[in-house]
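> Since the structure of chain A is provided, determine the placement of chain B on it from the hints.
Protein chains: 2
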Amino acid sequence: MTQLTNAQLTNAQLTNVGKSTNIVWHQSNVTRAQRERLNQHKGLTLWFTGLSGSGKSTLSHGVERRLFAMGCRTYVLDGDNVRHGLNSDLGFSDKDRVENIRRVGEVAKLFMDAGLIVLTAFISPFRSDRRLVRQSMAEGDFIEVYCKSSLEVCEQRDVKGLYRRARAGEIPNFTGISSPYEVPEYPELILNTETESVESCITQVVDFLLQRGVISMDNRFGQE
Amino acid sequence: MTQLTNAQLTNAQLTNVGKSTNIVWHQSNVTRAQRERLNQHKGLTLWFTGLSGSGKSTLSHGVERRLFAMGCRTYVLDGDNVRHGLNSDLGFSDKDRVENIRRVGEVAKLFMDAGLIVLTAFISPFRSDRRLVRQSMAEGDFIEVYCKSSLEVCEQRDVKGLYRRARAGEIPNFTGISSPYEVPEYPELILNTETESVESCITQVVDFLLQRGVISMDNRFGQE
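As you go down the protein sequences, you meet chains A and B in turn. Following the working numbering, the numbering of the first sequence begins with 1 at its first residue and continues without gaps. Following the working numbering, the numbering of the second sequence begins with 1 at its first residue and continues without gaps.
There may be inaccurate statements among the hints.
Said to hold, decoys possible - As a list, the in silico SDA-like pairs of lysine to any residue whose alpha-carbon atoms are at most 20 Å apart: (1) Lys148/A / Glu194/A; (2) Lys95/B / Ser88/A; (3) Lys160/B / Asn29/A; (4) Lys95/A / Ser88/B; (5) Lys160/A / Asn29/B; (6) Lys95/B / Glu99/A; (7) Lys95/A / Glu99/B; (8) Lys95/B / Gly85/A; (9) Lys95/A / Asp96/B.
What the hints assert, rightly or not - To spell it out: a stretch of chain A is covered by chain B in this simulated footprint if at least three of its residues, at any positions, have a beta carbon under 8 Å from a beta carbon of chain B; those stretches are: (10) 59–66; (11) 80–87; (12) 109–119.
It is worth saying that the hints were derived from the structure and are not from the lab. If you're wondering where the values come from, they're calculated on a predicted model, not measured in any experiment. Glycine is no exception: its CB is placed at the ideal position from the N, C-alpha and C atoms.
Looking at chain A on its own, in the form it has when it is part of the complex (with noise of 0.2 Å):
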């Protein structure tokens, strides 16, 4: 009945539309809208920004965690699983973390036409790269959160020893010590992890996607 046919084959091609020329799967695509209606939520780019230590892993592995309770179809992007597979050809050169950010922002993207809640947490301190991420989304799709936090207590903390080494400069362009961080203007979103606590977070960015309808009060599945 629908045999790879060239009559078959022929027809798909006259519907071709400007630059479009494949158009033979458009017929059976799966729409993002189908994908959200299966997950009974939508799809979204939450970008973690801030300094390094300022809270963007935990949060962003926090929300993840309890919007998997809530049945939500999740992923974060963040160094452990990008900057070792997919950006594994980026050193740290200003050429090179422009095209980190943008294949970031890129997979992002594909994430959220696959209808999940992706979430982001790369320190990302320029705010033209942002930017960028942001005009290559559609209106909503691009939620800035900013995790607020001062150097002197990201510096304090030092998870990863990083500043430490930064300040002895084994590290090279280090945000916050010899690169600058562009704090955003206009985040729709500042968690203040210096003065709260991470559940606290957390749910400040549960209710805001509850708020804007992303997720409902249905998508609690109790699967913890």
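Just chain B, lined up with the frame of chain A:
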């Protein structure tokens, strides 16, 4: 209770092992197994390979639609969503083609880690490139699906008019014409798209997934 204190972060740091210095979030990480349990099916990569016009796009999207109708979480990576986004910086030189496939493999791994069944639709003509992706994944995660169709039939179909342009010398290094296609030696699946219908090919893939226990007959939610 779970405040982001220096003491807590220092404790986390103390659990570092080897080169893994980013241990804080690890304790609260959602695992692939947990995601697969939520999805009620396993993550996997179905790697479609074959000549241009051999049916990779049609079949990968056809399989996806069938799986989606069964309530599975899936995503297709193809030229349409990868070449124009993530890999928009890549051309068609040998080096760029290798990098194209490498990145697709890495993104497929991220999607699998998120618990999805990933379907990739790239000519991916070289054994070495496909082998690199296979080797980068865990045993059983990479399923090579060879879309078998003779050059003659693919060229006769010429859905995108690419063969005509390649014959006219307008497209250099075109697989099958001026660049080799290395037939898979040990593909997990061979779909004969020259003699079998689209529906029959799709059924073969779904049956394979059922036999392997990737999906189960319980995945019949009747979403369509």
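> Next step is simple, just say for each hint if it's right about the structure.
Structure-based check of all given hints:
1. With a C-alpha separation of about 7 Å, the suggested pairing of Lys148/A with Glu194/A holds against the 20 Å cut-off.
2. A distance of roughly 16 Å separates the Cα atoms of Lys95/B and Ser88/A; the hinted pair therefore holds under the 20 Å criterion.
3. The hinted pair formed by Lys160/B and Asn29/A meets the criterion: a straight-line CA distance of about 18 Å does not exceed 20 Å.
4. Taking the CA atoms of Lys95/A and Ser88/B, the gap is about 16 Å. The hint holds against a cut of 20 Å.
5. The suggested pairing of Lys160/A with Asn29/B holds, with an alpha-carbon distance near 18 Å, which does not exceed 20 Å.
6. Straight-line distance between C-alpha atoms of Lys95/B and Glu99/A comes to about 18 Å, which keeps the hinted pair within the 20 Å bound.
7. A C-alpha spacing of about 18 Å is found between Lys95/A and Glu99/B, which places the hinted pair at or below 20 Å, so the restraint holds.
8. For a cut-off of 20 Å, the pair hint linking Lys95/B to Gly85/A stands: about 18 Å separates their Cα positions.
9. Under the criterion of a C-alpha separation no larger than 20 Å, the hint pairing Lys95/A with Asp96/B is consistent with the structure, at around 18 Å.
10. Given as covered by chain B, the stretch 59–66 of chain A passes the check, having 5 residues with a CB less than 8 Å from a CB of that chain where 3 are the minimum.
11. Requiring three or more residues with a Cβ within less than 8 Å of a Cβ of chain B, the coverage given for the stretch 80–87 of chain A holds, as 5 such residues are present.
12. Taking a C-beta to C-beta cut-off of 8 Å, the stretch 109–119 of chain A contributes 7 residues in contact with chain B, enough for the three needed, and the coverage statement holds.
Hint check: no violations occur; every hint is consistent with the structure.
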